[in-house]
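Trainee: Residue numbers (the working numbering), protein chains in the order written: chain A, 1 to 333; chain B, 334 to 637; chain C, 638 to 913.
The hints are simulated quantities; they were obtained by calculation from the structure and are not laboratory data.
Yeah, the Cβ is synthetic: ideal placement off N, Cα and C, and Gly gets one too.
Errors might be hidden in some of the hints.
Claimed, not checked - Chain C is nowhere near these chain A residues, computed Cβ spacing over 10 Å in every case:
id, residue
1, 72
2, 85
3, 219
Unchecked claim - Within a straight-line C-alpha distance of at most 30 Å, the following computed DSSO-like cross-link-like pairs (lysine-lysine) qualify:
id, chain 1, residue 1, chain 2, residue 2
4, A, 130, C, 900
5, A, 130, A, 104
6, A, 238, A, 266
7, B, 443, C, 900
8, B, 537, B, 605
9, B, 556, B, 443
10, B, 605, C, 765
11, A, 130, A, 74
12, B, 605, B, 420
13, B, 537, B, 556
14, B, 556, C, 900
15, B, 420, B, 443
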Amino acid sequence: MADVQLRQIAKSFGSVEVIPGLDLDIPDGSFTVLVGPSGCGKSTLLRIISGLERPTGGNVSIGGRDVTRDEPSKRGISMVFQSYALYPHMTVAQNIDFGLRLAKTPADERERRVAEAARILHLESLLDRKPAELSGGQRQRVAIGRSIVREPGVFLFDEPLSNLDAALRTQMRIELAQLHERFDATMVYVTHDQVEAMTLADQIVVMNGGSIEQVGAPMELYERPRTEFVATFIGSPKMNLLPARAVGRSDARNAGVRPEHIRLDKNGGDWLAEVVVVENLGSDTVVYLESEDFGPLTVRVAGHQSLASRARVWLTPEPEHVHLFDADGVRLP
Amino acid sequence: MSTIPESFPERVGRTLRDGRFTAVILLLPPALVLFSLFVIVPLAESGRYAFFDWNGYGEPADWVGFENFERMFGHSVFHQAIWNTIKLVLVSLLVQMPLALALALMIYRKTPTNAVFRLIFFLPFILAEIAAGLIWSFVFDGNYGVAAGITHAFGGEPYFVLGDRTWAFVAIMTVIVWKYFGFHMMIYIAALQGVPQDLVEAAKIEGAKTLDVVRHVQIPLIKPAIMVSAFFAIIGALQVFDVIIPLTNGGPSNSTQTVVTYLYTFGLSRLKIGFGSAVGIVLFLAAVLIAVFYQRFSNRAVSR
Amino acid sequence: MMKGGLARELLRLSVLCIVAAFVLGPLVATALGGFKSNLEIRTNPMGLPASWELTHYLGIIRDPSFWSYLGNSLVISLLTVFLTLLVGAAAAYVFAQIRFFGSRLLFSYLLLGLMFPFATAILPLFLKVRDLGILDTYWAVILPQTAFGLSLAILLFRTFFEQLPRELFEAAYVDGCGYVRFFFRFTLPLSTPILATVGTFVFVQSWNNFLLPLVVLNSREAFTWPLGMMQFRGEYMTAWNLVLAFVTLTILPAIVFFLAAQKYIVAGLTGGAVKG
Ligand SMILES: Nc1ncnc2c1ncn2[C@@H]1O[C@H](COP(=O)(O)OP(=O)(O)OP(=O)(O)O)[C@@H](O)[C@H]1O
Ligand SMILES: [Mg+2]
């Protein structure tokens, strides 16, 4: 088991600077999720930890050991790729076994570990198949099996579930959470999926343009986003951003209120707005509105709500859930 | 940055450790050595020997300047060889390629009958040139062969087309077309199969006749393939050798020499290394010229 | 419309049959000629033989030198294929996988062979082979053939290797698999289509090669079949039936091979040519 420390990590591809210099601590045994918009450098950062990419500056330590110059195979890590990268000409068993063979693990030990991984991941009946004969979810399991037999201190995942359909994704998400519990290993996980990030992580790292915006537990990011960027990035539907005067504040520039923290009333309230579209999700209803003063707004109300399009309604934010940001987009306490 | 970027020795060390260096050192040299030793060095030596009169023993010592080239360019047989090569190019472009294109249009669709015809037409291409030459020398044999059978049936005198100065090369060109049209046809078929079928159908719906579709849709779209096949026809014409040997061996009275048979007859078989190298250099320059010309031409066609 | 379509189809088929007859006629006449007496060849060169004489074919099949020619050709062709695939794929792998100083230059250098015909440097090549002391050995044919085949092989291999998913290498690399091992354990086994295509191309070229063996092989023991065939033709100038039987027996393996591996042969010969 191992923690990961990144110090002053920088990365440029030629003259293009992708990561300008970044520090990050990933505690031992944590499930750390990297999120951020496309192209912000999540994969690059993960690949720097794995050793597939060399940083142009800074150090990587794993388990207290500086591994910046070490080969990937010497870092005590394993990696699961988005495309799984299964070896097409090898059977499932050979795929899982390959890394152990290269590490010259004794045969009986290898056999034991492969059997163990197959049992955990329900792959026993598939061990003699080739990857082409597997379903998407099964391939995903093999890829995970390949990484767990090496008993790494750190697991690295780059959007491992993005090629699966919604139902499988939910199932695999639960299995990943169980795996994390079982191995108690450090996991670093890149995803685009809000739900994956919120449910799996005990630490979320929000990245933007190669820098870290905020690091924290999921609920911390949700409740106390440090910047406007984090505020709008975490949570779905997105947080509403309005001029601070909407909540009667002149010491801030913008005020943010999540759609679920706005009450909707037909008779009276703070802001008047016109209904544009109503989306009924069953458990709750998302209402998109247009306010003459503050532009578009989104509100989420529990249960089923019938509202006519173009109807005029009153909105009132919950005062304890209003976030304020200064001119630099940084949170005011 | 807090750490200094990797220093040069460090980088070398890492390259050594991760096996990249070993891979380059282990996997690349065999190709480099073989290629240099048997392709590039001989070619360079050709360039040197061409200026000597040398029989291949000892060191070349008899520097003759451009004399080999002068002799070659003044040699009427060499003129004949060049002229024959040009004839081959013309026949390829004007007879063989249209024939191949017409046949390709007839059988490019994937049906079982078409597949059989495709196989038949491609068959001569995989046969050795030397065997093709021998087979056709039987066909043309005025005493025994198919030609004899024909003259015999009409009660004529035995006729040896391969011994006829005027017609021998026509016979050879027939063999060349027989041998290679299937190759060009296959290139066109591959290209035609790559033309999206909806384009053809769209044109048909607009009222285009089959011939219109061919002229205005299919041929323009397979132009790159036609250019490639023209390139191969020309480069191929420069190299004709094997077929000639069993058919005429360059005769009668050198009327069917090509550049390579000329090189063989007047350079190699007489061990005139200098003279033969000079012919080789001319052949090389012609090939390079054609390649460069082709590059220019196809680039322009593509960018248009 | 229907009627016009039918007429057109008939026209098409008759054109195709005429061309097929032009293609197959000489081949059939050759095969049949081997069964005829010399007299009959003269009077009836194209038709079926009046009586099928097996003696010419049998005589050649019983001739040990016939088998020695075929054997030499086979060994030379197989070794050429093996060497070209191994050496060419190894070099192409380096170009596809590893960027290093000068790699583009070396790549262009190795592609120079695409530019000019084999015959260009045949004289110095002959001297080189002679000076290496390998005249009259298999290597005299194998090594130059391999060298000349490398350019196309490397070009086609590199294109193919670059299309293998990059993540495959990365996954293996994280597993501790180095560059050289990856070549043997992954690149080669995953590239069988292109290996087969280039392999057939090289094989056919080598099997049919005439000029190079003609120049570097002098003793009958080392002759490949094209040389043997010319030798035979020289010895039996007027015995066409024997010569035709010989020709038939030598091109038969080529035809069988062609029918068995037509997919790769067509791809190799046209695709290879087009990309070259
Ligand atoms: N090998 C490379 N050469 C040049 N630029 C690269 C390379 N790899 C990545 N980049 C650039 O670095 C930036 C970060 O890429 P990265 O793949 O890390 O993004 P990401 O956050 O993983 O995005 P996504 O969510 O789309 O996967 C991008 O702008 C990308 O174009
Ligand atoms: Mg990514």
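Trainee: Report the numbers of all earlier hints that the structure fails to satisfy, in ascending order.
Mentor: The structure conflicts with hints 1, 2, 8, 15, although it agrees with all the remaining ones.
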